[in-house]
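Q: Quick note: the sequence shown uses the UniProt record's numbering, first residue 1, plus one each step.
There's no promise every hint is true.
Below, computed lysine-lysine pairings styled on DSBU-like, alpha-carbon distance capped at 30 Å [unchecked claim]:
#: 1; residue 1: Lys50; residue 2: Lys120
#: 2; residue 1: Lys47; residue 2: Lys120
#: 3; residue 1: Lys120; residue 2: Lys79
#: 4; residue 1: Lys50; residue 2: Lys79
#: 5; residue 1: Lys20; residue 2: Lys120
#: 6; residue 1: Lys20; residue 2: Lys50
#: 7; residue 1: Lys79; residue 2: Lys20
#: 8; residue 1: Lys79; residue 2: Lys47
#: 9; residue 1: Lys20; residue 2: Lys47
Just so you know, these hints were derived from the structure itself, not from any lab.
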Amino acid sequence: MTNKKLDAEALYQVLEAQVKAGLTHADNVAIVGIYSGGAWLAERLMKALKLENSGRLGFIDVSFYRDDFAQKGLRTDIKPTQISFDVDGATILLVDDVLYTGRTTRAAINELFDYGRPHKIMLAALVDRGGRELPIAADFFADTVTLKTGESLELHRADDGTLSLTLHTDDHK
C-alpha cells in the first residue's frame with residue numbers, strides 16, 4: 001500500500017514560516033481549511049499565528065461544489081462546512097494539503113463566496129504537485145513534488161497530531 005513517506009512535519013515548518021511572513025501586515029485574517037488534510041493544517045496554523053481564540057477558523061467541504069460531481073458521485077464521508085465568522089471584507093487564508101489540478105481550490109472559492117465577499121483570498125498548500133487544469137497558484141507552499149501518472153499523496157494525522165505524507169499508486173491505494 002505505502003511506497004514512500006515524506007517528512008510532512010518538516011514541510012509544515014516551512015509552510016508555517018512562509019505564512020507567518022506573508023500575513024505579517026494583513027488585517028482581518030481568517031483561516032479556512034479544506035477537509036480533511038487542509039483542516040488539520042489550518043488548526044495548526046491558527047495556533048502558530050496566535051489566532052486560536054479569535055473565532056476566525058473555518059472548515060470547508062467542497063463535495064457539492066466540485067465540477068466532477070456527476071462523474072465521481074457523492075462521497076460517503078462528507079463533513080459539514082463550518083464558517084461562523086463574517087467573510088465580508090476578510091483576508092481568507094484557504095488551506096489545503098496537496099494542490100493538484102486546482103479544481104478543489106476553485107470549488108472552495110465558490111463555496112466561500114456563498115458566505116460573503118472576502119477582501120482577499122490567499123492559498124496555502126503543504127505540497128504543490130503540479131498538473132494544473134485551472135489557472136490556480138498557491139501563495140504559500142512548502143515544496144513541489146513531481147508524481148507519475150497514477151500516483152497520489154495523502155496526508156495523515158496521528159492521534160498525537162503528528163502529520164505524515166504517504167505516496168500511493170493507483171494499484172495499491
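Q: Sort out whether Lys47 lies within 30 Å of Lys20, counting only the CA atoms.
A: Satisfied, since the Cα-Cα distance of roughly 11 Å is no more than 30 Å.
Q: Given the proposed pairing of Lys50 with Lys79, does the C-alpha separation stay at or below 30 Å?
A: 26 Å, holds
Q: Given the hint that Lys79 pairs with Lys47, test it: the Cα-Cα distance must not exceed 30 Å.
A: 22 Å, holds
Q: Just to be careful, I want the Cα atoms of Lys79 and Lys20 compared with a cutoff of 30 Å; is the pair within it?
A: Between Lys79 and Lys20 the Cα gap is close to 28 Å, so the pair holds against 30 Å.
Q: For a C-alpha distance cap of 30 Å, please report whether Lys20 and Lys120 respect it.
A: 16 Å, holds
Q: Given the hinted pair Lys50 and Lys120, is their Cα-Cα distance within 30 Å?
A: Given that 30 Å is the threshold and the Cα spacing comes to 20 Å, the pair holds.
Q: Could you grab the alpha-carbon distance between Lys47 and Lys120 and see if it respects the 30 Å cut-off?
A: Holds - the C-alpha atoms of Lys120 and Lys47 are around 21 Å apart, at most 30 Å.
Q: Given the hint that Lys120 pairs with Lys79, test it: the Cα-Cα distance must not exceed 30 Å.
A: The given pair, whose Cα atoms are some 25 Å apart, holds under the 30 Å limit.
Q: Take the C-alpha atoms of Lys20 and Lys50, compute the straight-line distance between them, and say whether it is at most 30 Å.
A: Status holds; Cα separation ~10 Å.
Every hint, counting from the list given before, is met by this structure.
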